[in-house]
Amino acid sequence: MPCASGGSGRERAVGLNAWGALPAVPAAAEIRLSSRTAALPAAAGNGTLLPYGNGRSYGDVCLNAGGTLLCTRGLDRFIAFDPDRGVLRCEAGVLLADILDLCVPRGWFLPVTPGTRFVTVGGAIANDVHGKNHHGAGSFGCHVRGFELLRSDGERRRCSPRENPGWFAATIGGLGLTGLVVEAELQLRRIAGPAMTVENTRFADLDEFFALNAAAEERHEYTVAWIDCLAARPRGWFMAGDHAGAEAAREVAAPGKARGLPLTPPVSLVNGLSLRAFNPAYFHRPLPARATVHYVPYFYPLDGLLHWNRMYGPRGFYQYQCVLPATARAALDEILQAIAASGQGSFLAVLKTFGPRASPGLLSFPMPGSTLALDFPNRGEATRALFTRLDAIVAAAGGRLYAAKDARMPGALFRRGYPALDEFIPYLDPKFASDFWRRIMEQE
Amino acid sequence: MQRILIVGATSAIAEATARRFAARGDALFLVGRNAARLDEIAADLRVRGAARVGCQVMDATDTAAHAAMLAAAEALLGGFDVALIAHGTLPDQRACEASVELTLREIDNNGLSVIALATQLANRLEAQGHGALAVIGSVAGERGRQSNYVYGAAKGMVALFLQGLRNRLAKKGVQVLTIKPGFVDTPMTAAFPKGALWAQPDDIARGILAALDGRRDVVYLPGFWRLIMLAIRLIPERLFKRLSL
Numbered sequence: 064m065p066c067a068s069g070g071s072g073r074e075r076a077v078g079l080n081a082w083g084a085l086p087a088v089p090a091a092a093e094i095r096l097s098s099r100t101a102a103l104p105a106a107a108g109n110g111t112l113l114p115y116g117n118g119r120s121y122g123d124v125c126l127n128a129g130g131t132l133l134c135t136r137g138l139d140r141f142i143a144f145d146p147d148r149g150v151l152r153c154e155a156g157v158l159l160a161d162i163l164d165l166c167v168p169r170g171w172f173l174p175v176t177p178g179t180r181f182v183t184v185g186g187a188i189a190n191d192v193h194g195k196n197h198h199g200a201g202s203f204g205c206h207v208r209g210f211e212l213l214r215s216d217g218e219r220r221r222c223s224p225r226e227n228p229g230w231f232a233a234t235i236g237g238l239g240l241t242g243l244v245v246e247a248e249l250q251l252r253r254i255a256g257p258a259m260t261v262e263n264t265r266f267a268d269l270d271e272f273f274a275l276n277a278a279a280e281e282r283h284e285y286t287v288a289w290i291d292c293l294a295a296r297p298r299g300w301f302m303a304g305d306h307a308g309a310e311a312a313r314e315v316a317a318p319g320k321a322r323g324l325p326l327t328p329p330v331s332l333v334n335g336l337s338l339r340a341f342n343p344a345y346f347h348r349p350l351p352a353r354a355t356v357h358y359v360p361y362f363y364p365l366d367g368l369l370h371w372n373r374m375y376g377p378r379g380f381y382q383y384q385c386v387l388p389a390t391a392r393a394a395l396d397e398i399l400q401a402i403a404a405s406g407q408g409s410f411l412a413v414l415k416t417f418g419p420r421a422s423p424g425l426l427s428f429p430m431p432g433s434t435l436a437l438d439f440p441n442r443g444e445a446t447r448a449l450f451t452r453l454d455a456i457v458a459a460a461g462g463r464l465y466a467a468k469d470a471r472m473p474g475a476l477f478r479r480g481y482p483a484l485d486e487f488i489p490y491l492d493p494k495f496a497s498d499f500w501r502r503i504m505e506q507e
Numbered sequence: 090m091q092r093i094l095i096v097g098a099t100s101a102i103a104e105a106t107a108r109r110f111a112a113r114g115d116a117l118f119l120v121g122r123n124a125a126r127l128d129e130i131a132a133d134l135r136v137r138g139a140a141r142v143g144c145q146v147m148d149a150t151d152t153a154a155h156a157a158m159l160a161a162a163e164a165l166l167g168g169f170d171v172a173l174i175a176h177g178t179l180p181d182q183r184a185c186e187a188s189v190e191l192t193l194r195e196i197d198n199n200g201l202s203v204i205a206l207a208t209q210l211a212n213r214l215e216a217q218g219h220g221a222l223a224v225i226g227s228v229a230g231e232r233g234r235q236s237n238y239v240y241g242a243a244k245g246m247v248a249l250f251l252q253g254l255r256n257r258l259a260k261k262g263v264q265v266l267t268i269k270p271g272f273v274d275t276p277m278t279a280a281f282p283k284g285a286l287w288a289q290p291d292d293i294a295r296g297i298l299a300a301l302d303g304r305r306d307v308v309y310l311p312g313f314w315r316l317i318m319l320a321i322r323l324i325p326e327r328l329f330k331r332l333s334l
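Protein chains in written order, with this note's numbering: chain A, 64 to 507; chain B, 90 to 334.
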């Protein structure tokens with residue numbers, strides 16, 4: 064839902080929500096920023112501020128009940144682009160989709176992209192997003208050359224690995240709590256054209272997945288697996304991809320206009336019945352072993368259906384995304400068994416391994432190991448009880464959960480999973496806060 | 090490549106339209122009141138592919154400055170293919186009712202200053218025998234309503250003026266385009282609650298480029314406003330005056 068426009072005054076709160084569309088208390092004010100040089104507006108309600116980009120984080124890192132949301136989509140100007148070096152400077156509300164539209168025809172691509180291109184640059188930094196190339200490229204923050212951080216006391220800090228490196232590290236993955244990123248400079252990646260070559264392989268269990276994955280990470284830039292979370296032995300499709308040469312561009316067509324789910328159905332369309340019908344069919348569908356496709360359907364299959372989050376009905380949904388250290392294979396098995404036994408979950412289930420490249424971000428999510436992401440329709444107590452079981456496995460294995468996807472993790476799990484938290488806290492802006500942060504810090 | 094002059098270039102609709110011109114590789118000359126904002130927009134348009142971008146600070150109601158601005162634009166661009174007049178304000182109707190001075194100022198902002206610019210631009214376009222003059226009017230200019238008739242009167246005056254100009258310039262190969270947006274979600278309308286009838290600035294921008302390419306005369310944006318306004322115009326005055334629109 065877009066934030067109401069307006070650079071001049073206070074806006075009526077329209078009730079901006081996060082992607083999971085779980086019930087939430089609205090902000091007192093939603094103010095659309097439109098100038099990167101303007102001062103921060105005065106805070107309404109409880110006196111706190113929080114940047115809000117395009118609302119694609121799932122839980123409550125982008126929400127600020129009773130406070131002010133600073134809507135950054137009006138900060139959507141490019142500042143400079145060097146087509147020889149692939150260095151782009153832009154305002155923080157620019158969408159990754161806008162960058163792709165500009166840069167792909169000029170032979171450049173995002174260095175790292177999450178599964179939707181409808182996130183802002185500011186949001187990508189604040190959540191230090193990752194993609195299918197993490198095993199080689201690390202997270203988004205590894206490719207941020209610098210940014211300007213506007214603090215609530217009016218101070219503007221240039222941050223980069225060399226200048227204000229502490230602020231740089233705290234703000235990457237800092238969940239928008241260190242101040243407002245108003246503009247950023249990114250290093251893009253060269254490509255020959257918009258086409259991708261992909262290889263699809265079915266796997267029947269986790270051993271097969273890890274074998275495929277180990278080989279694929281040597282040869283392919285992008286790897287990811289879809290898993291059938293209902294199967295007793297986790298099976299799925301392994302998908303490896305690479306940017307294709309210029310000549311392949313002629314084989315692929317740009318996607319048509321995206322269609323949207325026009326309204327929220329009264330109940331979730333994702334349930335045990337639809338899942339038991341969908342997952343085996345998806346697993347057994349004939350996929351070509353090799354194909355050439357346009358980058359949009361390759362990276363962003365769900366962007367073709369706008370508002371797909373509505374299919375979970377008015378109660379919304381959770382995503383559970385954890386990372387487990389590479390040594391914790393047994394824990395991964397245990398988590399998948401627990402989910403399969405629960406009969407919950409969704410066809411949106413993804414397994415991927417993270418590589419060793421460390422992010423500069425203090426609260427960055429990735430660590431070397433395996434990450435598992437699954438959507439769950441909100442079934443209230445049953446869903447939360449399952450999460451509590453999963454939390455115990457994650458904690459025992461030394462893993463952690465991804466704040467960008469979270470709406471419910473206990474504070475203790477967060478504190479345990481992010482050992483740099485104490486180092487991060489001095490960089491908090493005293494006026495910035497979020498529902499997530501209050502939840503994490505107030506729970507004992 | 091086309092050469093584009095935009096007056097009121099920092100408005101949301103103008104900026105969205107300029108981005109589409111820039112993406113086609115056009116050259117632009119931007120006129121507005123806020124120098125810093127003009128520079129930010131100019132940098133953005135260069136990245137998006139504009140062949141060149143110039144800026145000038147000018148208050149459109151300063152009619153004495155128009156000739157020099159047009160000369161500067163012509164010097165940078167080497168002539169115009171499209172001139173888009175996009176500046177305007179949304180008056181506080183109640184405040185206008187209490188102030189003659191404010192009413193006349195709003196008529197100037199949204200009406201007289203536009204007519205002054207259009208007069209000079211028309212002569213240049215007529216002399217060169219090609220090009221387009223596009224002006225952002227409003228559906229509010231079609232019928233006086235109690236809630237914003239000062240704005241409506243100014244926009245209605247502009248529409249009538251352009252109609253005459255179109256009649257004159259049609260013989261000279263010059264397009265005169267009256268753009269009538271409905272509700273658009275911009276900083277100008279920030280105080281209004283938004284519903285299903287509201288469009289985004291880029292929706293209007295897309296319509297403006299299509300109307301220019303299609304050599305249209307009058308365009309409602311989005312197009313459904315043509316039907317809404319038809320219905321509103323058809324209500325008899327005897328009945329209309331009792332409504333609270």
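Warning: the hint list may mix true and false statements.
Just the calculated beta-carbon pair ranges, DEER-fashion [claimed, not checked]: (1) 216/B to 312/A: 44 to 50 Å; (2) 501/A to 124/B: 38 to 44 Å; (3) 128/B to 418/A: 37 to 43 Å.
With a Cα cut of at most 25 Å, we get these calculated SDA-like pairs of lysine to any residue [claimed, not checked]: (4) 283/B to 98/A; (5) 283/B to 329/A; (6) 320/A to 236/B.
Read the hints as simulated data drawn from the structure, not as lab findings.
Predicted model only: the values in this text are computed from it and were never measured.
The beta-carbon is built from N, C-alpha and C at its ideal position, and this holds for glycine as well.
Going through the hints against the structure:
1. A hinted range of 44 to 50 Å for the beta carbons of residue 216/B and residue 312/A is consistent with their spacing of about 46 Å.
2. Our hint of 38 to 44 Å for residue 501/A and residue 124/B holds, since their Cβ atoms are close to 41 Å apart.
3. Distance hint check for residue 128/B and residue 418/A: the Cβ-Cβ separation is about 42 Å, which falls inside the suggested range of 37 to 43 Å.
4. The straight-line distance between the Cα atoms of residue 283/B and residue 98/A is roughly 22 Å, inside the 25 Å bound, and the hint therefore holds.
5. Simply put, residue 283/B and residue 329/A have alpha-carbon atoms about 24 Å apart, close enough for the 25 Å limit, and the pair holds.
6. With a C-alpha separation of about 38 Å, the suggested pair residue 320/A and residue 236/B falls outside the 25 Å cut-off, and the hint is violated.
The structure does not agree with numbered hint 6 stated previously, though it agrees with all others.
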